[in-house]
Structure formats: C-alpha cells, structure tokens
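Asker: Protein sequences appear in the order of chains A and B. In terms of our numbering, the first sequence is residues 1 to 458. In terms of our numbering, the second sequence is residues 1 to 236.
Source of the hints: derived by calculation from the structure; they are not laboratory data. Treat each hint with caution, since some may be false.
[Unchecked claim] Using 20 Å as the maximum straight-line C-alpha spacing, the simulated EDC-like pairs for lysine to aspartate or glutamate come out as follows:
1. B:Lys-198 x A:Asp-375
2. B:Lys-189 x A:Glu-328
3. B:Lys-198 x A:Glu-335
4. B:Lys-168 x A:Glu-328
5. B:Lys-113 x A:Glu-294
6. B:Lys-198 x A:Glu-294
7. B:Lys-168 x A:Glu-283
8. B:Lys-68 x B:Glu-34
9. B:Lys-189 x A:Asp-375
10. B:Lys-113 x A:Glu-331
11. B:Lys-198 x A:Glu-283
12. B:Lys-41 x B:Asp-20
13. B:Lys-198 x A:Glu-328
14. A:Lys-340 x B:Glu-203
15. B:Lys-212 x A:Glu-288
16. B:Lys-198 x A:Asp-318
17. B:Lys-189 x A:Glu-331
18. B:Lys-198 x A:Glu-288
19. B:Lys-189 x A:Asp-318
20. B:Lys-212 x A:Asp-336
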Amino acid sequence: MSSVHRIRPLARILRSATFRLTLIYAGLFVVSACVLFATVFVIATAAMQNDMQEVLRTEALQLAEIHRRYGLLGLAEQVTRRMSYRTRGPIYYLVQAPTQQVVVGNLPGMPPVEGVVDFVHDKDSAEPNDARAKLTGFGLTLPDGTFVLVAQDASRLIDMQHAIVRAFIWAGALTLLLAIGGGVLLGGNFVRRIDTIGRTSRAIMEGDLSARIPVRGNNDEIDQLVVGLNAMLDRIQQLLEGLRQVSSDIAHDLRTPLGRLRQKLEDAREHASTTAEYQAATEGAIAEADSLLEIFSALLRIAQIEAGAQKSAFTDVDLSELMRSIAEAYEPSAEDSQHKLEVDVADGVKMTGDRQLLAQLFSNLVENALTHTPDGSTVRLALHPKGNGFEAVVADNGPGIPAEEREKVFDRFYRLDRSRTTRGSGLGLALVKAITTLHGLTLRLEDHHPGLAVHLTR
Amino acid sequence: MAATLNVCIVGPVKILLIEDDSQTADYIAKGLREHGHVVDKTDNGRDGLYMATGEPYDVMIVDRNLPKMDGLSLVKAARASGTRTPVLFLTTMGGVDDRVAGLEAGGDDYLVKPFAFAELLARVGALARRPPIVAATSLKVGDLEVDLLSRAVTRGGKRIDLLAQEFKILEYLMRHAGEIVTRTMLLEKVWDFHFDPKTNIVETHISRLRSKIDKGFDKPLLHTVRGAGYVIRTSD
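With the hints as extra help, turn the sequences into a complete structure.
Answerer: Structure representation (structure tokens):
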C-alpha cells in the first residue's frame, strides 16, 4: 500500500490497468494495420502492373495495326510522332527490322522477345541523373519479321509502392501516439477514480462514517462498483448505529436496576440493625442482581440466536402439542389474574425447529398478552394449517399496540410508554423476533379490534 | 414452613470439583463443606481427569472451560475409561447447543453460571442419589401414594384427581422425596423449559397441587424451602 503512494503519478498511470489495456489495443491495431498494409501493397502493385502492361500491349497492337495498313514507313512515321508526345510519362519505342537493325525508336536494338519483358536501359547523357532506368516493355514480332517494342519506365510503380509504405508508417506512428496519449489520459482518469475510493475509505477509517464515494452517473463498471460500495457503507453505518443504540440502551437500562441494587445495600448498611432486616435487604439485593443477570442472559440468547448457531439443534417439533402444553402451563397463572385462556389448536401441525426456542417463543407471547392486558381480558391461542404451512395466532382483547409502534416493539429494550411501569426487560419481543427469523417464520402484528393479534405463518 | 437446607440431603457426598476460577471454586467448596459434603478440588483438566479416573466420587462438578484439557474432553475421556460418576457441568455458555454438547459428552446435568448456590446444592443432591434404573411402579411418601401405571393418586385411601402437569410435578417430587427440587429443575423436567419465564407458572401449579394433596389433611407433605425450592416429605 505505502509503496504505491511513493510512485510518481505518471508511473502510476503507466501501471494502471486502463493504460495497459490501451497499449494492448494499440498493439492489436498495429498488427491488424500491418496485415491490411500487406494486402493493399500486394493488390495495388499487382493492379498497377496489370494496368501498365495493358497500356503497353494496347499500344503495341495499335502499332501492329498501323503496320498492317500503312506498311513500315507509315509505322515509322507514326512512332516518330508518338515519341514526341509525352502523355503518361516517357514511353519508349523500338521498331527493328528482321536484321536487328533499328528502323526508328529511342531504345537500342535487342533480340526480339514476345510479350512482357523487364529490362534495364542505359539512357543517354542528356539525363544524367537518371542514367539507368528500369523499364517494362511489350514486344511483338509482326508478320513480315519487323519487331516492335513499347516500353515504359517502371519507376512509377516503385514510387507508388514507396508512397504506400510512407502513408502506412505515418498513419501507424500517429495511431500509436494517439493510443499512448489516450491511454495516459484514460489511465489517469482511472487512477483518479481509484484514488477517490482510497481517500474515502481512509476518511471512513479515520472516523467519518458518513463519507461516501461520489458517483459519476454514467453507470459504467466503476460506477456500479461505487454504488455497491456505498450501499455496503450505508448498511455498515446502519449496523454500527444499531450497535451504538443497543450499547447505550443496555447502559441505560442496566443503570436502573444497578442503582436500585446499590440503594438497597446502602440502605441496609445505614439502617438495618436486626438479622431479619439484614436478611430482607440481602434478599432484595439478590433479587435485583437476578433481574440484572436475566437481562444479560436474554441479550446473550438473542445474540446467539441471531448468529444462527442454534440450527444444529433443529428437530421435528409437534407444534400442536407444544402450544397445548404452553397453554396448560399458563392456565393457572391466567386464572389467578382473572384472564381467560382460549385454546383453538388443530391436531398434528408439525415443523422443523428448536423445540426449546419455540417453547420460549410462545411462552413469551402468552406472557406478554397476560401482562399487558387488564384483568378479565381474554387471551387466545390458535393454530391451523394454512396452505402448505400453518398459521399460529396469539391474540388478546387488551389495549393493543398503536400501528406506528408495531415495528418498534421488536427492538431491544423498546417499551410502550404505558408499560414502563410493568415488570419486564423490554427484551421479550426482541427474542421472539430473533427466534421467528431463525425458523424462517413470518411474524405479523395486527389489530384484533380491540387488542393485539400476533400472527406467525409459514 | 421454612426448613433449613441441610435437613434435606442425608449423608455426606464425596464431590470432585474441577474449576479453574479460584474464587468460584473456593465459594462452591466452602458451601458444599458447610452442608457436610467432602470436596476435592483441582484447577485444571488434566489433574481433574487423573483424579476422576483414580478415585471413586459420588458426583463430579466440571467447568466447561479449563486449562490443559477442556471440560467436554475430560468427561468424554473419563466416560471412555469406564468412570460412571454423575457429572454436573458448570458453564457460562447457556445456549441449547452447548447444553446438548455437554449432555452428549456424558454429562448428566447442566448449570449455567451465574447460579444460586441452592440450585447447585439441590442438583448435586439429585445427582448423588439418582433413582435406581429399575422402574418403580408406585411411589409412596407418608400416606400419599402414586400408582405410576394407572396414574392414580390417593392420600389416606382418598382418591385425588390431578391434571397432567400436576401429576408430572408430583411424580418428580416423589421420585426425589426428601430432596429439594428447585423451581428451575421443575421447569426443565416438567415443561422442558430451559429459560426463566417471567410468569410464576411453577408457583401457581405448586399451589394447585398443594391444595389438592394437602388441603384437609393434618400434616402437610409438600413444603416450600425458602430461597431454594420445594420438597416432599413426611415431617418437618
């Protein structure tokens, strides 16, 4: 990490992935350009050669026709005239008698050849710069033995070949230059964006949890990555805030019982004089300590369940039997507090789960219903198959929970204002939520008109 | 009504305590000795295994986290070498998985720290005198009789009708007649509740059971031991 920071910006750009990619593309382009060049070169040369030979052949045939019509003299006259035009570059002519004597022309005599011929011509001293010229010619022997040759300077072809090579060299150099320049620019862009991500992560490490990586809005790969990273950061921040909230809630909620504990011990020290008084004070202190321990073990249990570590204890659970035994367990307590406990449980509803946790789930719900409803209320436990699964309901006809608070009651330590004075840690429903999540059950709080109905479905 | 604790556990029990936290170990040993028991203690797993396999003890109390050899491995090794001493695990880990792991390793009971001393004492007592494997067909305390086959309960020849859970409570208490049975033990054995309900379900059931078996008779059999639990026995 630190070694990266010491490298100069240009070196970083040259090492960047985008730059390397650009170079690879440029290389590929050069290779394909070479292939293209070779093809063009070969085809153009061949075409031009063909073209030249065709011109020479046509000229030679024209001369043959003139010879047929007007005889050798007419031919000589025509050739002399044509030698004085200089239309498409210099054209060389040779009309040679069967005796190899030159009749007319600007080429030295030679043994007759038929068709295309390449040869070197030593020019006269009038054009010293270009004393030797490569010529391409077309030879034709006429019926009376006269030999006619028309030739043209082949340097035009070579010039063209050179022009093609030069064009390709320039174009190639320009392409490479553009590729490298573009690579540096794009690479720099890439490096800058990566740097932004790095800076943001450092800012977050230094404590600025709200820092986010800017999004460009062009929805490219980096943008998508950044959006993902930002979403992850949002989630982490949310979790940390939750954790912070929980820690401060724990601290706050433990202060009250700890304060009471301290107060009881202090009171015993100041005022207790008889053994009975000391005993009473000690028992009060133990009760407070127990309720503290209870809060801790509930928190620990929620944490354990949320970690999902308990799934190995899953077995087949007879939910019908479980709910009936819960109802039976709470029957006497319900009766003591003048509550009516109604049980409407269908037979044979089974699920896979942790029996003890499910027992705690329903017992928490029943206890909740019993503690938060006035005497004389009815608590109803129902279980029925529904679709492929089942629906379990624990409902009461008490004061219910206002709609806007229904989600919050599952938070740790959350308590409705009116139940602050009743016994309880505010962890019961948080535990219920954790257990339902572990078992993949859907938990819904509904208005029971009046009262609250907790629906568990699968 | 309130009885003292030591009346209920008859005879000294020889206990091996394996616990590495010296403060906890001293507290437990002192308490157990005060109730007339003999306690040997050690602070690590290896010595613990050596002692457990070398000498006959009535009960072993084993902490789960121990130096040199952890509690689970110790009990597994002891069981493998043929030691059948009942084991009570002490642990700070109270999850269902931990409990299951402890029992599968060969533990007989399980107590989550922190615990009330009365709870430990009652459980040690229950382990030291585990009922014989031979199944009894009836249980009797004073003039109270429980027929386990017909599930009929009579006191002084008079028939008493009990609900299913009341019967389970009575059966458990009668099987441990003379011993203290704590609220937590009842929650675990009768309801299979391994958590502490906020509602007084044990108390309400006991109060119903008491009104059925003791009401109208001269001498009560079901006693509440303050700060500890319940005991069924003939005299104070």
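Asker: Indicate, hint by hint, whether the structure satisfies it.
Answerer: Results of checking the hints against the structure:
1. B:Lys-198 x A:Asp-375: holds (17 Å)
2. B:Lys-189 x A:Glu-328: Roughly 15 Å separates the two Cα atoms, so the pair holds.
3. B:Lys-198 x A:Glu-335: holds (16 Å)
4. B:Lys-168 x A:Glu-328: Given that 20 Å is the threshold and the Cα spacing comes to 13 Å, the pair holds.
5. B:Lys-113 x A:Glu-294: It holds: about 11 Å lies between the C-alpha atoms, which stays within 20 Å.
6. B:Lys-198 x A:Glu-294: holds (10 Å)
7. B:Lys-168 x A:Glu-283: Since the Cα atoms of Lys-168 (chain B) and Glu-283 (chain A) sit roughly 30 Å apart, the hinted pair is violated (cutoff 20 Å).
8. B:Lys-68 x B:Glu-34: violated (30 Å)
9. B:Lys-189 x A:Asp-375: violated (30 Å)
10. B:Lys-113 x A:Glu-331: Distance ~31 Å between Lys-113 (chain B) and Glu-331 (chain A) Cα, so the pair is violated.
11. B:Lys-198 x A:Glu-283: holds (18 Å)
12. B:Lys-41 x B:Asp-20: Status holds; Cα separation ~9 Å.
13. B:Lys-198 x A:Glu-328: Cα-Cα ~16 Å, so holds.
14. A:Lys-340 x B:Glu-203: Satisfied, since the Cα-Cα distance of roughly 19 Å is no more than 20 Å.
15. B:Lys-212 x A:Glu-288: Violated. Lys-212 (chain B) to Glu-288 (chain A) sits at ~34 Å, over the 20 Å cutoff.
16. B:Lys-198 x A:Asp-318: violated (24 Å)
17. B:Lys-189 x A:Glu-331: holds (18 Å)
18. B:Lys-198 x A:Glu-288: holds (14 Å)
19. B:Lys-189 x A:Asp-318: holds (18 Å)
20. B:Lys-212 x A:Asp-336: Within the cut-off at roughly 16 Å; holds.
Hint compliance for this structure: hints 7, 8, 9, 10, 15, 16 are not met, and every other hint is.
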